Amino acid sequence: MSSRCLMKLTPIHWYAKDLKSSRVLILNRLGLHARPAMSFASMAGSFGCSIKVHRTDNQERVDGKSVMQMLMLACTQGTEIEIEAEGADASEAIAALRALVEGRFEEE
Amino acid sequence: MKLRQLILEKAIVTGLKSPKRDECIGELLDALMKGGAFKPAQRDEFLKAVIKREKKGSTGFGHGVSVPHVKTLEVKKCVAAIGLHPAGLDFNALDRQPVHAIFLLLSPEDKPELHLAAMEGLFSILSQEQFRKFLRQAKTVADVVTLLDEADANPLVR
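Those protein sequences? They're chains A and B, same order as listed. Going letter by letter, the first sequence gives residues 1 to 108 in the working numbering. Going letter by letter, the second sequence gives residues 1 to 158 in the working numbering.
Quick caveat, the hints were computed from the structure, so don't treat them as lab data. Predicted model, so just to flag it, every value in this text is computed and none were measured. It is possible that some hints are incorrect.
Said to hold, decoys possible - When the alpha-carbon atoms are kept at most 16 angstroms apart in a straight line, the in silico EDC-like pairs for lysine to aspartate or glutamate are as follows:
{"no.": "1", "chain 1": "B", "residue 1": "LYS56", "chain 2": "A", "residue 2": "GLU106"}
{"no.": "2", "chain 1": "B", "residue 1": "LYS48", "chain 2": "B", "residue 2": "GLU23"}
{"no.": "3", "chain 1": "B", "residue 1": "LYS56", "chain 2": "A", "residue 2": "GLU107"}
{"no.": "4", "chain 1": "B", "residue 1": "LYS52", "chain 2": "B", "residue 2": "ASP22"}
{"no.": "5", "chain 1": "A", "residue 1": "LYS65", "chain 2": "A", "residue 2": "GLU84"}
{"no.": "6", "chain 1": "B", "residue 1": "LYS77", "chain 2": "B", "residue 2": "GLU113"}
{"no.": "7", "chain 1": "B", "residue 1": "LYS10", "chain 2": "B", "residue 2": "ASP143"}
{"no.": "8", "chain 1": "A", "residue 1": "LYS20", "chain 2": "A", "residue 2": "ASP57"}
{"no.": "9", "chain 1": "A", "residue 1": "LYS65", "chain 2": "B", "residue 2": "GLU113"}
With the hints as extra help, turn the sequences into a complete structure.
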């Protein structure tokens, strides 16, 4: 009986070990325009895991591997996004994408 | 973002023929200029800027569409031209496919949020297969205007 209780209380993330997520702020002055969107999508595409992105003020998720969909987020400087990765290399993907965004996509 | 407010009707060109990317961009700039989007003196400077931007990385993001653009202090709000290329144009696109629709965008350099909103508006429709299909079938400026009006009236449910 006690194990059933534990199941109920344990968050879903505890089971889905390959699901990782992280929130990050868009810092560069020009926001997520075409070039950063392309860097993001191409980096995301280099990982095997699935990558979904949404603005934290909107639950609409887009495919982080698609330039077009990333541009549909219209993220300006100061917008917070959440990156969700699911798959074997999810942790690596999140770390790399975070570094890219936090590094201002090598812009000002 | 209403597309009809973004796209200058006088800058909708349905029959691009040149097999050269830079000539097609030039033709769209001419249309924007004639439509009053900017002064003739800026034309060559804009052409250079758009090509320079393309060389950094193609704006042909796939599915036969490209969104070349330039940011400038000469415009106060975003304005765009549409060029349809029935035969297909090599735009060095990400998916290596020829481009059939070019959306040339001029954005105010000092208002990055307007540029981002215009891109969002464009890709909200360009990411829809149905819209791209109808756009490829459009033959006249009136056909394109009708499509834009329909897109404005039925925004993508997000």
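Hint by hint, here is what the structure shows:
1. Using a Cα cut-off of 16 angstroms, the hinted pair LYS56 (chain B) and GLU106 (chain A) holds, with the two alpha carbons roughly 14 angstroms apart.
2. Using a Cα cut-off of 16 angstroms, the hinted pair LYS48 (chain B) and GLU23 (chain B) holds, with the two alpha carbons roughly 12 angstroms apart.
3. Proposed proximity of LYS56 (chain B) and GLU107 (chain A) is supported: the alpha carbons are some 14 angstroms apart, at most 16 angstroms.
4. Under the criterion of a C-alpha separation no larger than 16 angstroms, the hint pairing LYS52 (chain B) with ASP22 (chain B) is consistent with the structure, at around 11 angstroms.
5. Pair hint LYS65 (chain A) plus GLU84 (chain A) holds up; C-alpha atoms about 12 angstroms apart against a cutoff of 16 angstroms.
6. Proximity of LYS77 (chain B) to GLU113 (chain B) is assessed by CA-CA distance (about 11 angstroms); at most 16 angstroms being required, the pair is judged to hold.
7. Using a Cα cut-off of 16 angstroms, the hinted pair LYS10 (chain B) and ASP143 (chain B) holds, with the two alpha carbons roughly 14 angstroms apart.
8. Restraint check for LYS20 (chain A) and ASP57 (chain A): the C-alpha separation of about 19 angstroms exceeds 16 angstroms, so the hint is violated.
9. Straight-line distance between C-alpha atoms of LYS65 (chain A) and GLU113 (chain B) comes to about 23 angstroms, which puts the hinted pair past the 16 angstroms bound.
In summary, the structure is inconsistent with hints 8 and 9 from the numbered list given earlier, while agreeing with the others.
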